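Following the hints, position chains H and R against chain U.
Protein chains in written order, with numbering that gives the first Met the number 0: chain U, 0 to 268; chain H, 0 to 551; chain R, 0 to 353.
The hints are simulated quantities; they were obtained by calculation from the structure and are not laboratory data. Any given hint could turn out to be false.
Said to hold, decoys possible - Some, not all, of what chain H presents toward chain U, calculated at C-beta under 10 Å:
no.: 1; residue: 53
no.: 2; residue: 122
no.: 3; residue: 126
no.: 4; residue: 242
no.: 5; residue: 286
no.: 6; residue: 307
no.: 7; residue: 311
no.: 8; residue: 470
Unchecked claim - Quick look at which bits of chain U chain H covers, simulated, 3 or more residues with Cβ under 8 Å:
no.: 9; stretch: 148-161
no.: 10; stretch: 204-212
To be verified - Sample of chain H residues with no beta-carbon within 12 Å of chain R, all distances over it, derived:
no.: 11; residue: 69
no.: 12; residue: 234
no.: 13; residue: 270
From a predicted model like this one, the values you see are computed outputs, not experimental measurements. Yeah, the Cβ is synthetic: ideal placement off N, Cα and C, and Gly gets one too.
So you can see what is in the structure, the chains are spelled out below.
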Amino acid sequence: MKKLSARRRHPLAALVVLLLALAATGGLYAAFAPADKAQADVAAQSLAIDEGKKLFAVGCSSCHGLNGQGSSDGPSLVGVGSASVDFQVGTGRMPAQQPGAQVPRKKNIYTQAEIDQLAAFVASLGPGPVTPKEEQYTSTNPDDISKGGELFRTNCAQCHNFAGQGGALTKGKYAPSLEGVDAKHIYEAMQTGPQNMPSFPDTTMPEEQKKQIVAFVRHTTSDEPNPGGLTLGSLGPVTEGLFGWIFGLGTLIAVAIWVAAHTTKAKKS
Amino acid sequence: MSSASSTTTGAAKPSSTRAKPANKWEAAADWTDGRLGIYSLAKANLRKIFPDHWSFMLGEICLYSFIIIILTGVYLTLFFKPSMGEVIYNGSYIPLKGIGMSEAYASTLDISFEVRGGLLIRQIHHWAALVFVAAMLVHMMRVFFTGAFRKPREINWVFGFLLLVLGMFDGFFGYSLPDDLLSGTGIRFMEGAILAVPLVGTYLQMFLYGGEFPGHDIIPRFFTIHVLLIPGIMLGLLVAHLILVFYHKHTQWAGPGKTEKNVVGMPLMPVYMAKAGGFFFLVFGLIAAISAIASINPIWAYGPYRPDQVSTDAQPDWYMGFSEGLIRVMPGWEISLWGHTLNLGVFVPLMIFPLVLVSIAVYPFIEGWITGDKREHHILDRPRNAPVRTALGAAWISLYLVLLVGGGNDLFATHLHLSINSITYFVRVGFFAVPVIVFIITKRWCLGLQRRDKEKVLHGRETGVIKRLPHGEFVEVHAQLPQKDLFKLTAHEQNQPVELPAQADENGVARKAGVLTRTRAKLSRGFYGEGSQIPKPTSEEHHEITSGHGHH
Amino acid sequence: MSHDMSEEKLPESHGSAGEVAAHGDPFADPGLPAHEPRRTDIDERAAQRAERQVSLMFVISMLATIGFIASYVAIDPDKIVYIFPLGKVSALNFALGLTLGVALFMIGAGAVHWARTLMSDVELPAERHPIEADDEVRADVIEQFKTGAAESGFGRRKMIRNTLIGSMALVPLSGVVLLRDLGPLPEKKLQETGWKEATETKPLQLVNMSTMQPMKPEDIIVGSLTFAMPEGLSTHSEDFQQRIAKDALMLVRIAPEDIKDDKSKELGFEGILAYSKICTHVGCPISLYEQQTHHALCPCHQSTFDLADGARVIFGPAGHPLPQLKITTDEKGNLVATGDFKEPVGPSFWERAR
Numbered sequence: 000m001k002k003l004s005a006r007r008r009h010p011l012a013a014l015v016v017l018l019l020a021l022a023a024t025g026g027l028y029a030a031f032a033p034a035d036k037a038q039a040d041v042a043a044q045s046l047a048i049d050e051g052k053k054l055f056a057v058g059c060s061s062c063h064g065l066n067g068q069g070s071s072d073g074p075s076l077v078g079v080g081s082a083s084v085d086f087q088v089g090t091g092r093m094p095a096q097q098p099g100a101q102v103p104r105k106k107n108i109y110t111q112a113e114i115d116q117l118a119a120f121v122a123s124l125g126p127g128p129v130t131p132k133e134e135q136y137t138s139t140n141p142d143d144i145s146k147g148g149e150l151f152r153t154n155c156a157q158c159h160n161f162a163g164q165g166g167a168l169t170k171g172k173y174a175p176s177l178e179g180v181d182a183k184h185i186y187e188a189m190q191t192g193p194q195n196m197p198s199f200p201d202t203t204m205p206e207e208q209k210k211q212i213v214a215f216v217r218h219t220t221s222d223e224p225n226p227g228g229l230t231l232g233s234l235g236p237v238t239e240g241l242f243g244w245i246f247g248l249g250t251l252i253a254v255a256i257w258v259a260a261h262t263t264k265a266k267k268s
Numbered sequence: 000m001s002s003a004s005s006t007t008t009g010a011a012k013p014s015s016t017r018a019k020p021a022n023k024w025e026a027a028a029d030w031t032d033g034r035l036g037i038y039s040l041a042k043a044n045l046r047k048i049f050p051d052h053w054s055f056m057l058g059e060i061c062l063y064s065f066i067i068i069i070l071t072g073v074y075l076t077l078f079f080k081p082s083m084g085e086v087i088y089n090g091s092y093i094p095l096k097g098i099g100m101s102e103a104y105a106s107t108l109d110i111s112f113e114v115r116g117g118l119l120i121r122q123i124h125h126w127a128a129l130v131f132v133a134a135m136l137v138h139m140m141r142v143f144f145t146g147a148f149r150k151p152r153e154i155n156w157v158f159g160f161l162l163l164v165l166g167m168f169d170g171f172f173g174y175s176l177p178d179d180l181l182s183g184t185g186i187r188f189m190e191g192a193i194l195a196v197p198l199v200g201t202y203l204q205m206f207l208y209g210g211e212f213p214g215h216d217i218i219p220r221f222f223t224i225h226v227l228l229i230p231g232i233m234l235g236l237l238v239a240h241l242i243l244v245f246y247h248k249h250t251q252w253a254g255p256g257k258t259e260k261n262v263v264g265m266p267l268m269p270v271y272m273a274k275a276g277g278f279f280f281l282v283f284g285l286i287a288a289i290s291a292i293a294s295i296n297p298i299w300a301y302g303p304y305r306p307d308q309v310s311t312d313a314q315p316d317w318y319m320g321f322s323e324g325l326i327r328v329m330p331g332w333e334i335s336l337w338g339h340t341l342n343l344g345v346f347v348p349l350m351i352f353p354l355v356l357v358s359i360a361v362y363p364f365i366e367g368w369i370t371g372d373k374r375e376h377h378i379l380d381r382p383r384n385a386p387v388r389t390a391l392g393a394a395w396i397s398l399y400l401v402l403l404v405g406g407g408n409d410l411f412a413t414h415l416h417l418s419i420n421s422i423t424y425f426v427r428v429g430f431f432a433v434p435v436i437v438f439i440i441t442k443r444w445c446l447g448l449q450r451r452d453k454e455k456v457l458h459g460r461e462t463g464v465i466k467r468l469p470h471g472e473f474v475e476v477h478a479q480l481p482q483k484d485l486f487k488l489t490a491h492e493q494n495q496p497v498e499l500p501a502q503a504d505e506n507g508v509a510r511k512a513g514v515l516t517r518t519r520a521k522l523s524r525g526f527y528g529e530g531s532q533i534p535k536p537t538s539e540e541h542h543e544i545t546s547g548h549g550h551h
Numbered sequence: 000m001s002h003d004m005s006e007e008k009l010p011e012s013h014g015s016a017g018e019v020a021a022h023g024d025p026f027a028d029p030g031l032p033a034h035e036p037r038r039t040d041i042d043e044r045a046a047q048r049a050e051r052q053v054s055l056m057f058v059i060s061m062l063a064t065i066g067f068i069a070s071y072v073a074i075d076p077d078k079i080v081y082i083f084p085l086g087k088v089s090a091l092n093f094a095l096g097l098t099l100g101v102a103l104f105m106i107g108a109g110a111v112h113w114a115r116t117l118m119s120d121v122e123l124p125a126e127r128h129p130i131e132a133d134d135e136v137r138a139d140v141i142e143q144f145k146t147g148a149a150e151s152g153f154g155r156r157k158m159i160r161n162t163l164i165g166s167m168a169l170v171p172l173s174g175v176v177l178l179r180d181l182g183p184l185p186e187k188k189l190q191e192t193g194w195k196e197a198t199e200t201k202p203l204q205l206v207n208m209s210t211m212q213p214m215k216p217e218d219i220i221v222g223s224l225t226f227a228m229p230e231g232l233s234t235h236s237e238d239f240q241q242r243i244a245k246d247a248l249m250l251v252r253i254a255p256e257d258i259k260d261d262k263s264k265e266l267g268f269e270g271i272l273a274y275s276k277i278c279t280h281v282g283c284p285i286s287l288y289e290q291q292t293h294h295a296l297c298p299c300h301q302s303t304f305d306l307a308d309g310a311r312v313i314f315g316p317a318g319h320p321l322p323q324l325k326i327t328t329d330e331k332g333n334l335v336a337t338g339d340f341k342e343p344v345g346p347s348f349w350e351r352a353r
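Pulled out of the complex, with its shape left as it was, chain U reads as follows (with noise of 0.2 Å):
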């Protein structure tokens, strides 16, 4: 905590300020977001999400307000729902840090239990996305990876690549790659749409195929083997043709030097 409030007088709190406002925008449309399924146990959390205020009024009021109402540096967190915040902080984007043309992942500063207590806090602002439980984003069968294989291919391979290794968008922005990212993030970022990235809705994209997604990914960033050899970074023919050129043209030049080259002769001239 005590880390925190210093972080927060840093002479680069203006900046860290001036980013969440940026970057929290894409809570702000999740704001419209119809939300039924939300209505969780607030009552029962009462505890949490008094702890879960005070954090946020250390660590996130000078952007999105005391209350979340979201203030010039920051956009509204009312109804964005306990996900959004397990994923933004949880992949340690909030609290941002620099300028930039996007929130990149960082290294979380808080631990599970604060985060759900933010979460709680935010959650109970207003009905939005909850949080997933485990079951929900954990597949056992294995014929979710074909199918999360086809819908990738559909909905997410157009910006995260086929081996889901990020890519570029507008002006700076781009797509995160999926490697190492928690399944539970990546369910929640479907169902959240966090910054740029649009989100794919319950009503949509059942929970059935965010599971059959995420068991795609998880498989093809983690456990897939690559039969062939070095990947070259799963990037396609771009990385393919340096290589090409450096390692395949470039010993054969080598090779060539050698065969060309003059022996050497029994003494020097």
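The following block gives chains H and R in isolation, referenced to the frame of chain U:
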């Protein structure tokens, strides 16, 4: 070759007059000679001389990778099914189980996962293809920068150029065959490009695809083009290219004992048989090893093609990258008039694409016209001794590279943390500006190197020994170059600019030079006039300096 | 033209091989240098060592080939092994590639080493002969040709000549005609899509590409992205690929006050806009939708469309906006289309009327 065929008739002596063969090998050779005339052929070629230089082996890399591609390609046809019929995949690759796909894609998956060694052969085929085109380009640049394209080799330059273009297109067709998400995107691009052709675009598209995109015909058709039509033409061109290399005899670098009338090197039998033959195995071995350690075109990861799906990083193989750059950076101009649409955004790049290639292909003829040189050239130019040619070549390469950056703009954006829009704007400007800058820099660089050569010839090389002169000045002792180096550094020819013919002939009748003549004179001045080359040292200059006890 | 030019400007050619240096000319050709022996030329022990090295390489090649065959037989094609720094790779591919690589490379290395150390490295000059024939041969050939041409009567018998040229010019046409059945004529095929089946009275439902179910307007929230196709089309249809190449839709919902183009707002339903997913540049399925900026980027060539402004092109090589499909709801409250796009989808073509 002609020398061989012209002597063939003389070799057909009646076998009865021939001495008895010493052993059964000689007997077999005699038998063959009686039918094929191999002795005359061998007489001209068995001890044929080849000069030694690594850059002369670039063409061999092309030849060998081509052979590797054919060998592995034939193997792949044994398993590949060029069909767009739909099947449900049920092979061993789990992430695609139960997914509908074309037979072409399913059979490529089977080659990769069920056929033992199939993946290796696929990867060798594809890596060899990348190396093949890369080697052709480098080989062509070697020929360009050394002036090896000059008479009598212009036709062989054109053959080589055609091989490069056909190689690029055959590569593109091969890339299109597996019907994975990436290759399908390429075929879709091709549809859009054909549609942009004014007047006949839609007809061409319908005829090529057998109907609307994608239809069911395009992969079988591309298969025939990829494995039969283009390789057939390439094989013919390749044989012609090699025959001409033999016939013209190889070019050589300037050096002691090397003239325009000889070729110095080691004989085909045995040295070049061992070196060139061995090099084939080296190339094949290296490409096989690369295919063992690095994956190429992992079609299983792309998934089957569907026109409503796409993955980012959708690029062609590198050799089509410059055309990809053209198409990416072109502004979206479109003209709609009288119920017709002219899609300049696609059609202009489609026209510049061949122009980029042709601009380098016609260069030998342009240079030949400017110099008016009708003599044979077998001694290579050092690139610095032809500054304008070298600068033009470098400008061309820079244009090519700028376009490659344009073709990979999304990866440059993500990996260098740049904006894709800024890269595109940079390429738009760079397309015009970078070649000009590179031309100027390269030309100056060449002239600088020429000056240094002249300095070395006249004043010798620096020895690093410092001497104190009687009046106290320190000077570095320069040592005279040995004669072989002096010869090497002064062996190049220096063209002089052509002059306009006299405005009046000897009878005083006015003759005005035509536009072409004047253009030629102007270009010639640009190529060889003052400021485009440093006059090489003369022996008088050298004599004056060396005998004058000068010390600088 | 070139005949007008003086050719005296061309530099002098160099003399022939072995030319004796002109007296006192320091730049004259000193002639081929004398051959210098290598270690292996003068030291029999070095030569024997080289011989052993070459043979060793050939032996390694033999062993590698045996290794190749053994790997082929012994290794299961599905076996995955971890190899640093490659990662988890196919054991069979790795073993086959490496053994084949070594087997081939060692043959080459052996042969080259043999040539470099043990074969003669004396450089020999070979004479070149001019490619051009001398004048005598030239005159002779021209004479022969003239004789042949005169004997054929090709120049004299003009009727034969002209009819031959005519027949030769016509005969390739058969080949061209044969190409006609390569494909159908374009007709109106590119002008319309599968949505043309939809009418005011018999609308077509929009089917979600993920769930394969129809959608209600409230399913689609602001900031979401959904893909759709017409009802009646299945991924297993014979003509699925052909249909989806034109029919694919991208559905977004934009807060009505953010929609800048009124016509676009009217074609949509309560802020839900149905754009063609097919890029108007060369036909990639454009779908990189940035929900905050409402920009859609094409992954192939980066054409960028502003979906809040009638899909106007704001960057990149596309020449015109993405076509928008008019949507509404049917009596069950499902999203439907009541007609085709008002303009052709996908890349533009010559016959395309704006």
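Do the hints match the structure? See the list:
A distance limit of 10 Å between C-beta atoms decides the matter here; for residue 53 of chain H the minimum to chain U is near 4 Å, and the interface restraint holds. Hint on residue 122 of chain H holds. Least Cβ distance to chain U is approximately 6 Å, under the 10 Å limit. Given the 10 Å rule on beta carbons, the hint for residue 126 of chain H holds: about 6 Å separates it from the nearest Cβ of chain U. At about 23 Å, the closest approach between the beta carbon of residue 242 of chain H and any beta carbon in chain U exceeds 10 Å, and the interface hint on this residue is violated.
At about 7 Å, the closest approach between the beta carbon of residue 286 of chain H and any beta carbon in chain U falls short of 10 Å, and the interface hint on this residue holds. Proximity of residue 307 of chain H to chain U holds as hinted, the smallest CB-CB distance being about 7 Å (cut-off 10 Å). This hint holds: residue 311 of chain H has a C-beta 3 Å from the nearest C-beta of chain U, less than the 10 Å allowed. A least Cβ separation of about 38 Å between residue 470 of chain H and chain U goes past the 10 Å threshold, and the interface hint is therefore violated.
By the rule of at least three residues with a Cβ nearer than 8 Å to a Cβ of chain H, the coverage given for the stretch 148-161 of chain U holds, with 10 such residues. For a cut-off of 8 Å, the count of residues in the stretch 204-212 of chain U with a CB near a CB of chain H stands at 0, and the three-residue condition is violated. Listed as outside the interface, residue 69 of chain H is consistent with that label: its C-beta sits roughly 16 Å from the nearest C-beta of chain R, beyond the 12 Å cut-off. Every C-beta of chain R lies more than 12 Å from that of residue 234 of chain H, the closest at about 22 Å, which supports listing it as non-interface.
Against chain R, the non-interface label of residue 270 of chain H is violated: not every CB pair exceeds 12 Å, the least being about 5 Å.
Violation of the numbered hints given earlier is confined to hints 4, 8, 10, 13; the remaining hints are satisfied by the structure.
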